[in-house]
Structures are given as C-alpha cells and as structure tokens.
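> What follows is the residue order along each chain.
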Amino acid sequence: DAGVTQSPTHLIKTRGQHVTLRCSPISGHKSVSWYQQVLGQGPQFIFQYYEKEERGRGNFPDRFSARQFPNYSSELNVNALLLGDSALYLCASSYRDEQFFGPGTRLTVL
Amino acid sequence: QKEVEQNSGPLSVPEGAIASLNCTYSDRGSQSFFWYRQYSGKSPELIMSIYSNGDKEDGRFTAQLNKASQYVSLLIRDSQPSDSATYLCAVVSGGYNKLIFGAGTRLAVHP
Chain P
1 DAGVTQSPTH LIKTRGQHVT LRCSPISGHK SVSWYQQVLG QGPQFIFQYY EKEERGRGNF
61 PDRFSARQFP NYSSELNVNA LLLGDSALYL CASSYRDEQF FGPGTRLTVL
Chain A
111 QKEVEQNSGP LSVPEGAIAS LNCTYSDRGS QSFFWYRQYS GKSPELIMSI YSNGDKEDGR
171 FTAQLNKASQ YVSLLIRDSQ PSDSATYLCA VVSGGYNKLI FGAGTRLAVH P
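Protein chains in written order, with the numbering used here: chain P, 1 to 110; chain A, 111 to 221.
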C-alpha cells in the first residue's frame, strides 16, 4: 500500500509570497493533520481535518489555512511568507490514534 | 513548563548495549503515547504506541508507561549503528487526536 504522499518535496520562496502544500493520505484514512518542524525541535501541530471538517487548530497565525477535499487529500496554504516560516512541513494521516507521516515538504523562505 | 520533555542528548551507547530513552509529560488526561524515530533529513517514523500502564514489547523495542508518574520510556535492546537517529516522544493532548511532541533525544550507537 502507498504511504502518505506530499508535494512538492522542496520549495524556495521569497518573503511575502504565498505557498500551497499538498498531501494525500493513506488509502482508507479520513483524517489529515499538518505539522511544522523547525531544526532541532519536534513537530508543532498546525491543523487537523476529519471528513473535510476542521477538528483543531494549533497556535499559528491566520496566514496559515488548510482544507480537506472529498477524496481526503489536503492542502496547507501559507500567505505573506516570513523568514521564520522556513521549516519542514509534515502531513500525517490517521485512521484511529496512530498517525503516519509523509516525507514532508522542505520550505525555504529567502 | 514544556508539555513533553525529553533529554536532548546525544545519548551514546556501544553496539549491542541497551539504549534507554525517557520522556515526561504534563497533561494528566493524556491516554495515548507514541515513539517516533527520525533519521537526519527524513520524516518521523512511528515505531511504538502504548496506551496502558506497563510494558509493551515489539522486537528489540520495549515501551514503558507510568501514568501516575507521567513518564514514558523506550528501551532498545541489542542496539545497532542503524538505530542512530533522533527519537521523538509524542502524547495525544486535547479533545481530538492532536500530537504534542518533545524536542527529541539524539541516539548515537557506536561500533
């Protein structure tokens, strides 16, 4: 079975730009969560979606938004990029409690 | 106080030894606990989940949970150089399936 997929793998943007990151969950998983991981820290929770509804949001500014589609794939959008948004963005899919991560998108903001 | 705390390491152990990784958490209501392994430049990989007090064994890995002490640990027996990675402790917190991670412990297994 295919695991969680994310695209793109790497992305370079400049300050003020907008970015869209994409995620496809494991087949049969209806929940998708997004995390941000900066170097030397554990992943930080951004959003969780289940059945296209937002179940929870972490302590991130309104520049961050997300949505989930009928096929359970998801997008994370970040507007007005700041240098501090440079990080590894991780998508995790889950069926019950266990969350399985995709390979991540490495975002660099210059 | 951080919600999930781990020693950053590095924890250095010789090949074949037992590596012991520890984690404490602050939310007494937490019921689900996980260990992830993360190799440099890669994403976290789930290696153990534990929900009840006591020990859970899977191959060379044993997870231990003590909810009264708010303590989770991971033992790796017969450590191999390929076990060298950062180990992340994660706890479900809140009314939905949100994971709170520690900063991770870097493990180095030397031949």
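Honestly, the hints are just simulated from the structure, not real lab data.
Where is the CB? At the ideal position from N, CA and C, for every residue including glycine.
Be aware that one or more of the hints could be misleading.
What the hints assert, rightly or not - Across the chosen pairs, the derived CB separations fall in these ranges:
id	chain 1	residue 1	chain 2	residue 2	range
1	A	A127	P	S73	36 to 46 Å
2	A	D188	P	F60	21 to 31 Å
3	P	Q41	A	E167	26 to 36 Å
4	P	R67	A	G126	46 to 56 Å
5	A	Q190	P	T20	35 to 45 Å
6	P	P103	A	E125	27 to 37 Å
7	P	Q41	A	G204	12 to 22 Å
> Enumerate the violated hints, using their earlier numbering and listing them in ascending order.
2
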